[in-house]
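A.B. asks: Work out the full structure: start from the sequences and follow the hints.
These protein sequence lines are chains R and H, in that order.
Numbering follows the working numbering, with no gaps: position 155 of the first sequence is 773.
Numbering follows the working numbering, with no gaps: position 221 of the second sequence is 839.
Quick caveat, the hints were computed from the structure, so don't treat them as lab data.
Predicted model only: the values in this text are computed from it and were never measured.
Mixed in with the good hints, there may be bad ones.
These stretches of chain R come out as covered by chain H in the derived footprint (C-beta under 8 angstroms, 3 or more residues) [claimed, not checked]:
#, stretch
1, 665-679
2, 757-770
3, 793-803
Label-pair distances were calculated between CB atoms; the ranges are [unchecked claim]:
#, chain 1, residue 1, chain 2, residue 2, range
4, R, LYS795, H, HIS640, 45 to 53 angstroms
5, R, ARG662, H, GLN862, 22 to 30 angstroms
6, R, GLY785, H, VAL649, 53 to 61 angstroms
7, H, ALA859, R, ARG658, 22 to 30 angstroms
8, H, GLU773, R, LEU870, 39 to 47 angstroms
The beta carbon of each residue, even a glycine, is placed where N, CA and C say it ideally should be.
Residues per chain, in single letters:
Protein chains: 2
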Amino acid sequence: MNVTVIGGGLIGTSWAALFLAHGHRVCIHDVAPDVASRVRTELRRIQPFMLQLGHSLDPEGPGLSFEADLPRAVGQADVVQECGPERLTFKQALWANVEAHCKPEALLLSSSSGITASMQSRKMKSPQRMLVGHPFNPPHLVPLVEVVPGKRTSEDAVRRAREFYAGLGKRPIVLRKEIPGFVANRIQAAMIRESVALVRQGVVSVEDLDIAVQSSLGLRWATGGPFKSAHLGGGAGGIQAFFQQFATGLQLLWLHMRLRPVLLTGRTKQALIAQVKQSYGGLSIDELASIRDQQQIALLHALQAPTDKE
Amino acid sequence: MNVTVIGGGLIGTSWAALFLAHGHRVCIHDVAPDVASRVRTELRRIQPFMLQLGHSLDPEGPGLSFEADLPRAVGQADVVQECGPERLTFKQALWANVEAHCKPEALLLSSSSGITASMQSRKMKSPQRMLVGHPFNPPHLVPLVEVVPGKRTSEDAVRRAREFYAGLGKRPIVLRKEIPGFVANRIQAAMIRESVALVRQGVVSVEDLDIAVQSSLGLRWATGGPFKSAHLGGGAGGIQAFFQQFATGLQLLWLHMRLRPVLLTGRTKQALIAQVKQSYGGLSIDELASIRDQQQIALLHALQAPTDKE
Numbered sequence: 619m620n621v622t623v624i625g626g627g628l629i630g631t632s633w634a635a636l637f638l639a640h641g642h643r644v645c646i647h648d649v650a651p652d653v654a655s656r657v658r659t660e661l662r663r664i665q666p667f668m669l670q671l672g673h674s675l676d677p678e679g680p681g682l683s684f685e686a687d688l689p690r691a692v693g694q695a696d697v698v699q700e701c702g703p704e705r706l707t708f709k710q711a712l713w714a715n716v717e718a719h720c721k722p723e724a725l726l727l728s729s730s731s732g733i734t735a736s737m738q739s740r741k742m743k744s745p746q747r748m749l750v751g752h753p754f755n756p757p758h759l760v761p762l763v764e765v766v767p768g769k770r771t772s773e774d775a776v777r778r779a780r781e782f783y784a785g786l787g788k789r790p791i792v793l794r795k796e797i798p799g800f801v802a803n804r805i806q807a808a809m810i811r812e813s814v815a816l817v818r819q820g821v822v823s824v825e826d827l828d829i830a831v832q833s834s835l836g837l838r839w840a841t842g843g844p845f846k847s848a849h850l851g852g853g854a855g856g857i858q859a860f861f862q863q864f865a866t867g868l869q870l871l872w873l874h875m876r877l878r879p880v881l882l883t884g885r886t887k888q889a890l891i892a893q894v895k896q897s898y899g900g901l902s903i904d905e906l907a908s909i910r911d912q913q914q915i916a917l918l919h920a921l922q923a924p925t926d927k928e
Numbered sequence: 619m620n621v622t623v624i625g626g627g628l629i630g631t632s633w634a635a636l637f638l639a640h641g642h643r644v645c646i647h648d649v650a651p652d653v654a655s656r657v658r659t660e661l662r663r664i665q666p667f668m669l670q671l672g673h674s675l676d677p678e679g680p681g682l683s684f685e686a687d688l689p690r691a692v693g694q695a696d697v698v699q700e701c702g703p704e705r706l707t708f709k710q711a712l713w714a715n716v717e718a719h720c721k722p723e724a725l726l727l728s729s730s731s732g733i734t735a736s737m738q739s740r741k742m743k744s745p746q747r748m749l750v751g752h753p754f755n756p757p758h759l760v761p762l763v764e765v766v767p768g769k770r771t772s773e774d775a776v777r778r779a780r781e782f783y784a785g786l787g788k789r790p791i792v793l794r795k796e797i798p799g800f801v802a803n804r805i806q807a808a809m810i811r812e813s814v815a816l817v818r819q820g821v822v823s824v825e826d827l828d829i830a831v832q833s834s835l836g837l838r839w840a841t842g843g844p845f846k847s848a849h850l851g852g853g854a855g856g857i858q859a860f861f862q863q864f865a866t867g868l869q870l871l872w873l874h875m876r877l878r879p880v881l882l883t884g885r886t887k888q889a890l891i892a893q894v895k896q897s898y899g900g901l902s903i904d905e906l907a908s909i910r911d912q913q914q915i916a917l918l919h920a921l922q923a924p925t926d927k928e
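C.D. replies: Quick look at the structure:
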């Protein structure tokens with residue numbers, strides 16, 4: 619495929635590395651005169667990491683080109699991945715310009731972490747093919763991509779975006795509402811807030827807090843998100859037993875943390891339990907726990923080697 | 619060392635596995651008549667995991683004994699690790715009984731996640747040697763132990779607890795205030811709250827939320843906690859640049875998430891920056907980032923194999 623990356627900064631270059639490593643032709647649009655040398659320097663830094671992940675990447679190869687003229691840069695693109703400045707007026711003008719010069723079937727994706735597709739596409743004639751594909755940095759290493767359609771994005775464009783990212787070995791998830799911070803950054807913000815509060819109150823040092831997260835929650839969540847972990851945290855009774863044991867304590871803890879409680883009503887719990895069973899019910903708790911424990915040991919081994927270098 | 623584990627449930631058995639694997643003699647005190655067979659069955663399940671971590675564990679060996687009589691169970695103990703029911707009256711009576719029959723230098727540790735050492739030790743004559751050593755489950759696999767002294771715990775006991783857990787390959791951190799949920803469970807609670815809110819608002823499914831956490835935040839935090847990650851998230855400028863770029867957005871996001879903001883005042887930021895520099899300033903941002911990227915790749919490789927089995 620022909621993929622045009624708009625913006626040759628760190629995120630654009632990381633995307634470009636990933637696209638090239640998966641055999642796409644990449645054209646980078648950036649008006650900075652030194653963009654080619656900056657991008658190639660960064661690609662050379664990334665190259666050995668991609669190799670370790672089993673992908674070759676040639677920073678000097680014919681698959682990579684640069685084009686300072688926007689109409690020419692997007693003319694042949696099957697996919698455009700925008701990584702420009704986080705300014706609404708810039709993005710609105712950009713997309714109107716892009717759609718005037720790209721193929722009618724081109725898929726238009728923005729890496730924005732904060733400006734929604736509904737806002738970005740306001741001046742477009744064909745907003746149905748424009749949506750957000752927000753990576754967690756750096757995109758060449760971290761699997762998550764948050765796919766966030768706008769109000770006027772078509773389901774077909776959502777499907778194509780999901781397939782495009784999955785084809786790159788990413789783990790795309792689709793958000794059904796355009797909410798500030800999307801999913802990962804909101805969860806991260808909740809965590810940073812409590813971390814700052816704990817250090818500021820003198821409960822723990824910065825370094826000990828980092829150790830706590832690395833050597834418990836990080837390890838746990840790398841093998842399963844909060845709902846899967848709760849399902850296993852309930853023992854043989856799964857997520858239902860988890861709520862029975864911990865729902866009250868959790869809500870009390872939220873109060874103590876001065877967090878407005880999210881009420882775990884019977885209805886909320888039932889809805890969560892149903893989704894957990896649908897997602898993970900195919901395996902028994904014992905099977906899921908055994909997979910988790912195996913992964914945890916593999917992670918502990920993996921972390922050992924580089925940690926020794928520190 | 620002679621380590622007495624009080625309570626032969628899942629946590630007590632997991633601790634026992636870890637103690638045995640590190641060459642300690644373990645006596646389990648539990649009044650249930652079938653405790654020995656239950657514990658040995660669970661130890662056989664744990665055995666192959668410990669082997670993978672490089673430790674042998676013999677569920678039938680002479681290092682493990684059972685004693686239903688408390689005075690006899692603690693008489694020779696160098697360390698007592700309590701894993702009994704989470705009831706204040708039980709624990710207060712227990713410690714008074716333990717200290718009447720154990721050696722004067724025995725170190726007394728409670729696995730409690732919620733009842734503080736200050737409360738537990740209220741009926742003790744020598745509360746200076748009693749404190750909380752709270753594991754993140756299961757203790758034989760997860761490195762974190764939260765060491766939480768009570769108001770009357772001596773610094774010497776804190777030091778001995780830290781050394782004892784470090785000697786087991788754990789990563790102990792010391793809390794300087796007895797706060798509900800300690801550190802890891804508070805951070806986890808903040809995260810679960812936002813996760814439940816996002817699913818309940820229809821932003822994302824349970825399964826996609828789990829994928830989001832696993833394939834971004836989990837992976838990231840397994841290689842570095844929130845402050846180290848912020849330090850690297852700021853690019854060449856480190857934690858200072860992170861605050862310049864993100865402090866305002868973070869505080870706005872907290873408001874949108876209906877979280878009472880923890881104000882990132884100049885003074886708060888300066889204190890955090892100073893601690894981050896003290897903890898991580900020995901290496902450049904480039905060096906730290908390179909270690910993180912290497913670890914991330916190692917983790918991705920480690921997760922690949924077992925995930926394929928699913």
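A.B. asks: For each hint given before, does the structure comply? Return the numbers of the non-compliant ones in rising order.
C.D. replies: 8
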